[in-house]
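**Q** If you're matching them up, the sequences are chains P and U in order. Its first residue numbered 435, the first sequence is counted upward by one per residue in our numbering. Its first residue numbered 16, the second sequence is counted upward by one per residue in our numbering.
Hints in this document: simulated from the structure, not taken from any laboratory. Each hint should be verified, as a subset may be incorrect.
As the list claims (entries may be wrong) - Below, computed lysine-lysine pairings styled on DSS-like, alpha-carbon distance capped at 25 Å:
| # | chain 1 | residue 1 | chain 2 | residue 2 |
| --- | --- | --- | --- | --- |
| 1 | U | Lys430 | U | Lys380 |
| 2 | P | Lys648 | U | Lys430 |
| 3 | P | Lys619 | U | Lys246 |
| 4 | U | Lys50 | P | Lys639 |
| 5 | P | Lys648 | U | Lys50 |
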Amino acid sequence: MSTSSQQNRHQILSRIRQGLGREALSAAKQQQLQSAMTQPQRNLVPQRAQAQGQAAIDMFIAMATEAAAEITHLESLEQLPEQLTSLIPEGDTRPLVIASETQLTNLDWQSANIETAQRVAQKGDLISLTSCIAGVAETGTLVLKSGPNSPTTLNLLPDIHCVLLRKEDVIGGYEDAWDLVRQAKLPRTVNFITGPSRSADIEQKLQMGAHGPKRLIIYMI
Amino acid sequence: MQINSPKFKDNARIALADANLQQALGNLKAGFPGKRAAAIGRLPEFDALRDQAQDIKNHVIENLDFYLETFESKVQDNGGHVHWASSSEDACQTILDICQSVGARTVTKGKSMVTEEIGLNDFLEKHSVTPVETDLGEYILQLREDHPSHIIAPAIHLNLSDVSEIFAEKHGTEAKHQPEELMQEARDVLRDHFVAADVGITGANFYVPETGSTIIVTNEGNGDLTQTLPKVHIVVTSIEKCVPTLEDLSLFMRLLSRSATGQECTVYNTLSSGPRQPGDQDGPEQFHVVLVDNGRSSMVGDDLQDMLRCIRCSACMNHCPVYSQIGGHAYGWVYPGPMGSVLTPKMIGIHDAGHLPNASTFCGKCESVCPVRIPLPKLMRSWRETQHQQQASPAIGRMAIGGWAWLARHPRLYKLGSSIAIKAMSIMAGNKGRLKSLPVGRGWTLWRDLPAPQGSSFQQQWKQQQNKGDKS
Chain P
435 MSTSSQQNRH QILSRIRQGL GREALSAAKQ QQLQSAMTQP QRNLVPQRAQ AQGQAAIDMF
495 IAMATEAAAE ITHLESLEQL PEQLTSLIPE GDTRPLVIAS ETQLTNLDWQ SANIETAQRV
555 AQKGDLISLT SCIAGVAETG TLVLKSGPNS PTTLNLLPDI HCVLLRKEDV IGGYEDAWDL
615 VRQAKLPRTV NFITGPSRSA DIEQKLQMGA HGPKRLIIYM I
Chain U
16 MQINSPKFKD NARIALADAN LQQALGNLKA GFPGKRAAAI GRLPEFDALR DQAQDIKNHV
76 IENLDFYLET FESKVQDNGG HVHWASSSED ACQTILDICQ SVGARTVTKG KSMVTEEIGL
136 NDFLEKHSVT PVETDLGEYI LQLREDHPSH IIAPAIHLNL SDVSEIFAEK HGTEAKHQPE
196 ELMQEARDVL RDHFVAADVG ITGANFYVPE TGSTIIVTNE GNGDLTQTLP KVHIVVTSIE
256 KCVPTLEDLS LFMRLLSRSA TGQECTVYNT LSSGPRQPGD QDGPEQFHVV LVDNGRSSMV
316 GDDLQDMLRC IRCSACMNHC PVYSQIGGHA YGWVYPGPMG SVLTPKMIGI HDAGHLPNAS
376 TFCGKCESVC PVRIPLPKLM RSWRETQHQQ QASPAIGRMA IGGWAWLARH PRLYKLGSSI
436 AIKAMSIMAG NKGRLKSLPV GRGWTLWRDL PAPQGSSFQQ QWKQQQNKGD KS
């Protein structure tokens with residue numbers, strides 16, 4: 435931190451304390467606030483966000499569909515390569531960029547005649563395939579974490595983002611998602627994604643596919 | 016940004032006569048308020064969530080020093096850097112220093128009102144760093160050398176033809192006339208910038224001390240590309256944008272998108288915590304947070320403290336009868352509408368921004384839709400008082416108020432004067448009971464008739480009411 439930043443820091447904190455009419459908080463008060471943060475209490479969780487089981491799955495499907503995500507149901511993971519072939523235009527040689535997770539990389543891509551690549555996404559990529567840690571029922575939102583096997587660019591750069599979601603990973607509300615995130619070391623990025631990219635900046639007319647993926651396809655098993 | 020607030024009255028007059036602008040503002044009126052109402056109708060707990068949000072934000076302000084320090088140390092634990100900026104100049108210089116330290120020539124930018132507030136783009140350009148706005152609306156404005164007129168729908172004052180013309184001119188392409196074609200063109204052009212940029216700058220809708228994270232809430236995905244692809248990610252945010260924990264963030268996520276665009280959830284809600292981690296294949300190598308004060312710390316403990324709860328959702332301006340008639344540019348600085356009328360005088364001074372807190376009918380709609388229940392009319396009234404005390408308001412208005420105050424303290428004279436005025440107005444109004452013109456009320460009668468007073472006066476009715484009360 436530069437000297438001026440140090441000085442500004444001092445100035446800003448002093449002015450705040452002056453406005454509040456007190457010195458820095460006592461050690462006891464700080465301890466109290468710290469523990470409130472390390473064991474965070476939930477605020478009011480709307481009833482809708484408390485859904486479980488099949489009700490949560492149904493709500494997830496309804497809300498994700500409303501946000502213009504597409505949902506395809508699969509009987510088994512093995513059906514996935516066959517499903518993806520329909521997305522690749524005739525003669526398009528661009529590889530399918532997949533997250534380096536064995537459940538995805540072990541699939542029989544060769545039989546489906548799909549060339550795959552395990553890397554970060556690049557400009558020009560057509561389709562990416564990732565998994566996610568959860569689907570949040572209350573708004574049809576997918577939760578994805580960054581990590582060595584799940585580069586964030588896969589969620590953003592390609593024209594079509596395909597996401598594998600297991601029904602048992604559908605949860606009620608955002609709070610349940612943070613509980614899952616807290617189970618491991620906090621990653622650089624947590625993405626909450628609800629439908630494909632959109633913009634209404636021209637005359638307030640909604641257009642899909644602004645800068646992120648134009649299509650978000652959720653494969654549910 | 017140049018300050019045009021002193022010319023508010025002229026700006027408003029021009030805006031009302033601008034057919035193109037009026038057409039564009041029609042899109043606002045037809046859009047946001049209805050969508051918000053529909054979304055809230057589907058969440059019965061909405062008002063209870065607002066109460067909690069208000070409490071959380073008040074708690075944050077009461078302990079803001081603690082949360083800022085905690086946030087700073089968490090960011091550092093995550094491998095990031097925190098910079099403190101008292102003023103716009105401090106903030107701009109800090110950002111430039113970071114850009115220069117990595118030899119940056121171009122930077123991409125996600126949408127950020129704080130960077131508008133500190134005038135970042137002009138500053139970077141002056142120092143040979145080229146900023147590229149990547150939000151579609153902001154990009155259109157940058158090409159036009161224009162400024163946002165709304166805090167979440169920056170180009171709401173423009174029509175399709177405006178976008179069509181500027182794209183054809185600046186991109187050297189054939190003019191396109193469909194919104195989706197124009198968006199595709201911007202997508203193609205900006206892709207190269209995303210990949211080539213050395214530094215990505217975003218704002219933050221919130222920061223979370225619990226985890227040392229910043230959050231952006233967007234629909235296009237440009238903010239995410241901006242912060243993921245370059246080597247360096249700089250977050251520019253202001254000191255009050257704190258929600259202590261991820262649990263609190265959940266609550267604010269539910270409030271923000273519904274209050275802003277009426278969406279159930281915005282497309283991308285992204286939590287960023289530090290630079291890329293060991294093994295990560297993408298993400299920035301450096302993560303910087305610039306905490307901007309710019310007068311906010313001096314709002315703690317003063318009349319404007321409630322304004323520090325603001326989450327910049329834009330519901331107040333979307334529902335404001337004044338904003339929806341004149342648009343955002345008439346306000347003459349970065350923040351328009353009711354929230355701007357409270358904030359702008361603080362940031363540029365009441366002498367320059369004096370018209371803004373007066374540009375309100377006090378209908379109360381802004382306060383009624385505010386997700387954190389900021390008493391915006393009360394805060395605007397507080398500015399009017401300050402203005403009166405500092406004699407910054409027009410002399411004639413102060414004289415009139417002074418005269419009325421004197422009269423109100425002399426009830427007999429008041430009664431006599433008002434009974435004469437009532438009689439005179441009734442005579443002038445004639446059979447129709449309406450005044451077509453009034454010597455001191457031209458501002459009213461130019462546009463509509465003034466109904467003449469009818470029946471008994473308030474004081475008479477009050478007396479009757481009291482008498483009735485005594486008998487019962």
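**Q** Just to be careful, I want the Cα atoms of Lys430/U and Lys380/U compared with a cutoff of 25 Å; is the pair within it?
**A** Violated, at roughly 34 Å.
**Q** Is the straight-line distance between the alpha-carbon of Lys50/U and that of Lys639/P 25 Å or less?
**A** Between Lys50/U and Lys639/P the Cα gap is close to 13 Å, so the pair holds against 25 Å.
**Q** Need the status of pair Lys648/P, Lys50/U: alpha-carbon distance at most 25 Å?
**A** Satisfied, since the Cα-Cα distance of roughly 23 Å is no more than 25 Å.
**Q** Between Lys648/P and Lys430/U, does the CA-CA distance stay at or below 25 Å?
**A** Between Lys648/P and Lys430/U the Cα gap is close to 70 Å, so the pair fails against 25 Å, i.e. violated.
**Q** Holds or violated: Lys619/P and Lys246/U, Cα atoms, limit 25 Å.
**A** 23 Å, holds
Of the numbered hints given earlier, the model fails hints 1 and 2; all others are met.
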